[in-house]
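Colleague: Next come the chains, spelled out residue by residue.
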Amino acid sequence: MGHSKAGAMVCGAVALAGVTAFGCGGQGGGGAAAGIQPQQMADALYAVIAADRATYAGQVVDRLVKENAIKATERFKEEKTLPLPAQMLRMGAEHAQKTNSSFSYALLSQWPINQQNKAKTEAEKAGLKFVAENPGKNYYTEEKIADKTYFTAVYPDKAVAAACANCHNEHADSPRKDFKEGDMMGGLVIRIPVNK
Amino acid sequence: MSTRTSILAWLLLTGLVGGFGAFRLTSRDQTLYLPDQTSHGHHQIEMACASCHTPFGGVKDDACTNCHGEQRTAADSHPASKFNDPRNAGNLEKIDARRCVTCHVEHWPEGTHREGHTMPVDFCVTCHADVGTERPSHAGMSFTTCSDAGCHNYHDNRALWEDYLKKHLGEPFVLASAKVLPRGVAMVAKGPKSLAAKDQDAPRTVAFSAALVSEWEESAHARVGINCSGCHGGTQGVDWVNKPMLTICAGCHTEQNKGFGLGKHGMRVAAGLGPMSPGLARLPMRAEAKELEVGCESCHGGHSVNARKAAVDSCLGCHDDEHSRSYQRSPHFKLWEAEINRTASPGTGVSCATCHMPREKSSSSAAVVVQHNQNDNLRPSEKMVRNVCTSCHGVGFSLDAVADPELVRHNFAGRPKKHVASVDMVEKRAAQGKR
Chain A
14 MGHSKAGAMV CGAVALAGVT AFGCGGQGGG GAAAGIQPQQ MADALYAVIA ADRATYAGQV
74 VDRLVKENAI KATERFKEEK TLPLPAQMLR MGAEHAQKTN SSFSYALLSQ WPINQQNKAK
134 TEAEKAGLKF VAENPGKNYY TEEKIADKTY FTAVYPDKAV AAACANCHNE HADSPRKDFK
194 EGDMMGGLVI RIPVNK
Chain B
-7 MSTRTSILAW LLLTGLVGGF GAFRLTSRDQ TLYLPDQTSH GHHQIEMACA SCHTPFGGVK
53 DDACTNCHGE QRTAADSHPA SKFNDPRNAG NLEKIDARRC VTCHVEHWPE GTHREGHTMP
113 VDFCVTCHAD VGTERPSHAG MSFTTCSDAG CHNYHDNRAL WEDYLKKHLG EPFVLASAKV
173 LPRGVAMVAK GPKSLAAKDQ DAPRTVAFSA ALVSEWEESA HARVGINCSG CHGGTQGVDW
233 VNKPMLTICA GCHTEQNKGF GLGKHGMRVA AGLGPMSPGL ARLPMRAEAK ELEVGCESCH
293 GGHSVNARKA AVDSCLGCHD DEHSRSYQRS PHFKLWEAEI NRTASPGTGV SCATCHMPRE
353 KSSSSAAVVV QHNQNDNLRP SEKMVRNVCT SCHGVGFSLD AVADPELVRH NFAGRPKKHV
413 ASVDMVEKRA AQGKR
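Residue numbers (the numbering used here), protein chains in the order written: chain A, 14 to 209; chain B, -7 to 427.
Honestly, the hints are just simulated from the structure, not real lab data. The structure displayed is predicted, hence computed values, not measured ones. Take these hints with a grain of salt, some might be off.
Not the full set, but computed from the structure, chain A residues with beta-carbon under 7 Å of chain B [unchecked claim]:
1) N81
2) R88
3) E107
4) K111
5) S114
6) S117
7) K133
8) I158
9) A174
10) R204
Covered by chain A, per the in silico footprint, the following chain B stretches (three or more residues, Cβ under 8 Å) [to be verified]:
11) 75 to 88
12) 153 to 162
C-beta: ideal position from N, C-alpha, C; glycine also.
Whole structure, please, built from the sequences with the hints as guidance.
Modeller: Written out as structure tokens, the structure is:
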């Protein structure tokens, strides 16, 4: 498996539409069919996830916090605040899993606040290390988990705003306290089952 | 015996056994097909096999979530979607946490633990064995403390968080603001104005006593314009009904009826088995109440619709366990008496309902509604700390109190002899300069 820059968003979007249209990647099925490669699908999914995340962070959280309208906090339900962007992503991943189990995604880190979000598989460990050491590049591989083969992609996840770095630096459970805006904080892992 | 006779005898026997089995299958009494005693949560509806089973005996996919869905989704930190993620395949090999029946096996009394689960009691450790390394504050803690401390509950983590505990450090055992939410209006007013005895609209053919009309005149129903016909019918095209069905009450009291059907008082009705009766209960009940049928009227009264009676007297009219019997000797009851006698402010009394049918607000703008599912915060009882105990008591005291079974049995007459370390742990972390 090679490593290449994320891109081809238009192609990715077409690929995603194609995946839906051809019905591949259904429950328990493979991720690639009708010429759509798992990498294309992963890149397209990443484009959507990253776009939604950036929009939520910028147009909802940052805007409303600057307006002093509402805060974003970890205990958003009990404190009646907005979910943090990372929580929004995780809730979206769980929601997507309920409606379409043909792919999964998770935000992981070498320095996670919640230890459930540290790398578990060798591919995750290698991917997080790779994106941290190779700015601007993604990591693609295949791995076997419980007798199933997956195409696994790891995309870099940066502290896009000072708030991301500050929150991690201040959190009691954070194993790293020196993040700065723009630092690599972890990676988004997308997994698609492939027929092998 | 000849072969022919043997075959005939075999056919006859098979026919008799099969016929008896088929007959019992179609009768209301399904005990023949009950493999073993059901759990405390399901014994009331064990004759409604179809509530959980398919016609061929398997457990329906949605058998559990049909009734428990909302409780599970309130703050479920272990949803099936989490385990469908390949990252958790390793955990799934140990416990298939996507299926309710992995951990909740029915008809297995000897294997069923306190909260109705049938896994070995150290099941948290199966996936969280490294918690002591990940969170040094948890190192050396017994596996039974995960939920006992009131911090973690597999499905419903509405209980307590570190941030929450930190906010409530050092609270006294009784808060200066000790008071529960004021009860909201139980229904939307249907009538134009408050009604009096002279306004009653029962047909002339119906016999009733003046006392009964007087009870109604004093009731919330009359105050919001609900006349006799509102519940009994008797208007043009609608027959008069002496004893209105539960559905009539439910027509206006939707939320209350929903909770009633989910709790021990109404789950039989919800399963189509007829009303619950104290005689069918496993908990100790008063002998004279055993024949009673549990419905809205049995607790609230037919015409007085008395919420105050329903909050204490109705409960003690049936329940006869030590906790219930001790209530009238408890400090909570003294407060309740003071509120009733108007020597204390409204909301300062503590009735049975205060704890077991708490007043709730689903959002800041929502009306206060009494939760009629009395099990909603009872199992595990630590859930009660957050939405009930801490209305009046400090968090630390509340945790200690519900963790002391002796104190619970005596209905909180005394001070806790147990101590839960959760608050101390948070205090210690705070003192170390961590958030």
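Colleague: State for each hint whether it applies.
Modeller: Going through the hints against the structure:
no. : hint       : verdict
1   : N81        : violated, 19 Å
2   : R88        : holds, 6 Å
3   : E107       : holds, 5 Å
4   : K111       : holds, 5 Å
5   : S114       : holds, 5 Å
6   : S117       : holds, 5 Å
7   : K133       : holds, 6 Å
8   : I158       : holds, 5 Å
9   : A174       : violated, 20 Å
10  : R204       : holds, 6 Å
11  : 75 to 88   : holds (count 8)
12  : 153 to 162 : holds (count 4)
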